[in-house]
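Visitor: Produce the complete structure using the sequences and hints provided.
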Amino acid sequence: DGGITQSPKYLFRKEGQNVTLSCEQNLNHDAMYWYRQDPGQGLRLIYYSQIVNDFQKGDIAEGYSVSREKKESFPLTVTSAQKNPTAFYLCASSRGEDSPLHFGNGTRLTVT
Amino acid sequence: GEDVEQSLFLSVREGDSSVINCTYTDSSSTYLYWYKQEPGAGLQLLTYIFSNMDMKQDQRLTVLLNKKDKHLSLRIADTQTGDSAIYFCAENLMFSGGYNKLIFGAGTRLAVHP
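Sequence lines, in order, name chains A and B.
Counted the way our numbering counts, the first sequence spans residues 1 to 112.
Counted the way our numbering counts, the second sequence spans residues 1001 to 1114.
Simulated from the structure, these hints should not be mistaken for laboratory data.
Hints are all accurate, no fakes.
Straight-line alpha carbon distances no greater than 27 Å define the calculated DSS-like cross-link-like pairs of lysine-lysine that follow:
id : chain 1 : residue 1 : chain 2 : residue 2
1  : A       : K9        : B       : K1036
2  : B       : K1101     : A       : K71
3  : B       : K1101     : A       : K83
4  : B       : K1101     : A       : K57
Guide: Printed below as a string of structure tokens:
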């Protein structure tokens, strides 16, 4: 079955540590996205990538970094510079342009 | 501007119809989407409507679009307990270079009671 896999489902880290969230898709989609979800708020775009080796900052990119070395993979690193990293992180992909986004099941990151 | 607004909570009785409303601000949106999120899960695409349409029906779901008022609604007929979830409205914005971005509302939590 085609889909988007995010791992792990739950992640715990100490403050000051960088952490990398995995996102893999086998839908052959060109575009991939990272969103952050906080309680009572909509999804906010962190980074997106339309093609391999290219990515753009979204609305809340500060404290995050990404890479897109392969079409299937778009890992997100939450750095120690991110002031409030505890959140639910959602990865998505699409064929691009007007196509809808398909989401993974998310990673819940807790930083203490 | 980029802003999508939804009421935060809706409670309905099982078997009744649910209507979730959404307003958006960017008249250049091409597609508008409804997503469903169950607890602890990602977002599931429910349905979508192209901006030149007024209505789309898909089984128990009916989407109405009033482009003049920038108002979108999702009607769920014969609401079941399995419909309890958070529903997100989203508009698709296109940028130069073929990039697109979805802008999401805060989500409407639908609670279905017996």
